[in-house]
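> Listed below, chain by chain, are the residues.
Number of protein chains: 2
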Amino acid sequence: MHILVIGAAGMVGRKLLQRLAKEPEVFGFEVTELTLADAIAPAVPEGLVARRMTVDLSEPGNAEKLIEERPDLIFHLAAVVSGEAEADFEKGYAVNLDGTRALFEAIRREAMREPYCPRLVFASSLAVFGEPFPERIEDDFLTAPLTSYGTQKAITELLLADYTRKGIFDGIGLRLPTICVRPGAPNKAASGFFSNILREPLKGEEAVLPVADSVRHWFASPRAAVGFFVQAARMETARIGPRRSLTMPGLSATVAEEIEALRRVAGEAAVKLIRREPDPVIQKIVEGWPKNFDARRAAALGFAAESSFDDIIRIHLEDEG
Amino acid sequence: MHILVIGAAGMVGRKLLQRLAKEPEVFGFEVTELTLADAIAPAVPEGLVARRMTVDLSEPGNAEKLIEERPDLIFHLAAVVSGEAEADFEKGYAVNLDGTRALFEAIRREAMREPYCPRLVFASSLAVFGEPFPERIEDDFLTAPLTSYGTQKAITELLLADYTRKGIFDGIGLRLPTICVRPGAPNKAASGFFSNILREPLKGEEAVLPVADSVRHWFASPRAAVGFFVQAARMETARIGPRRSLTMPGLSATVAEEIEALRRVAGEAAVKLIRREPDPVIQKIVEGWPKNFDARRAAALGFAAESSFDDIIRIHLEDEG
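One line per chain: the protein sequences are B and G, in this order.
Per full-length UniProt numbering, residue 1 is the first one in the first sequence, and the count goes up by one each step.
Per full-length UniProt numbering, residue 1 is the first one in the second sequence, and the count goes up by one each step.
Be aware that a few hints might be false.
Note that the list lumps identical chains together, so a pair holds whenever it fits in one copy or between two copies.
Using 27 Å as the maximum straight-line C-alpha spacing, the simulated DSSO-like pairs for lysine-lysine come out as follows [what the hints assert, rightly or not]:
(1) 284 to 166
(2) 188 to 166
(3) 91 to 65
(4) 188 to 91
(5) 284 to 91
(6) 284 to 188
(7) 15 to 188
(8) 203 to 188
(9) 291 to 166
(10) 166 to 65
Hints in this document: simulated from the structure, not taken from any laboratory.
So here's chain B without its partners, still in its complex pose (with noise of 0.2 Å):
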């Protein structure tokens, strides 16, 4: 079986290429061939053989470049991020909307030609939700965007839904919770925050938090994301029905509890490098984030997250430590 990684030089794509690295089967075949893309060139994690493709989606002919070999497995994880679809209108949507419906059609035009039905597995987001909110969000709520990316993902959700119910390709959207603890160096999402508070002091090092303790969000680990992605790619996809996107399971948590959970696991020195410098700008961006949802259907068709931030601590440490 041939895997394709678009989006492979992205953080959930280096992790989901180390998992496969580690555990050959995970995706319950064998893989015979691997590509790798993104608009920069991917590394190839040791143990891995891949052929590499350093291509931007939106350009005329990548697409087609991408499904002419026919890879049986489609991860596409590609995209530009939040804050530079919502800055550079023209590009997002040329990236996020165009690149991937160019993706859809080479591989309807690719199945015109012969037979083929690959199985996609599409990076969504909770950015397709705006609010107002309810409480807990359920599955059936709206997907109202308040940002082009978000815009341009819910787009994508719709597309691939329709060409899923004609048998074009066999598509699911996982639309990921915030990935806590985030490794690597601080950023500057406007989402940064969450994981710089229990990275860096657990490093020794001082993070700044910009926000009232009491604000809540969702998250996962980067191994639950993986698995999300595992799942996707392995489970009986006639059980999704014709709704292919899935919130994904995730913790509901105030950072408050993340801090509880650092003192924890750390100890009073490692909460005391919390620096608490409030920033009215992420307080109002991250005030009008999802707070929580009730990931019923995902749950049901496997997919599973932690159930505590001293889990989400724990899996940091023995990935990243």
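Starting from the known structure of chain B, fit chain G onto it as the hints suggest.
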């Protein structure tokens, strides 16, 4: 003020123009210029002066031609209909998605050239919804279409909200109920019988009822539909908020209730002209349609429809008799 009607040859377009001919100030301002566009040559109703354009929005350059005169108010009513969009995947996406996006992009580019922000009223559809439904569909129920047509309408709703949020135009999407009584000859739309079983008997002619009397659906008269577009053109849009597409009010009624109203208005002789001829194909299609909505947001914004089938029949007799 310059008004552009795209899809001016369709039923709602023609009725909207007839209303304008009778009531020149219906939109709350003086119409100094009127452009009627459609893929087939649109007629100009008596009493109106208009430029006519026969254009296919999906052909390059046509959207720009429609926008270069900078209309202040745009009604976008044009679409490849449901059955055709399902049968011809490429045509449905080309017209309903790419054609509409070309229109939105033409406005964006015009606005970049020189400040411009027209009001844009878009005819959406209940086809954005797909089963399973709750008993009564609330305004925050998800759009999960089960047809390519519904997918294209749902995607346009997302684009409409994002372009409006970005200040490119002032957009409103109206999800119309099934229009009843549809004037003209019986047509082959799966929903045609809802109108046929009233319109034909009222003329002393036979009509076929292919489904059970217990079938429930969501209706408004052609006059109410025109009223929705008038309200969308006139209203203070700041009141809508970021969710720019609204389920229009309607009447939830069963076929039995339709028939009882016919009996009250036209007597037993008219009812006897309804011939029951069950059609499993139509039954199956109609089973998947929504039955009832709580269109609270639209009602609060001043949109109104009929509250009984007696009214719907009376309006039909007044407007078409």
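> Taking each numbered hint in turn, which are not upheld by the structure, reported in ascending numerical order?
Violated hints: none at all, because every hint is consistent with the structure.
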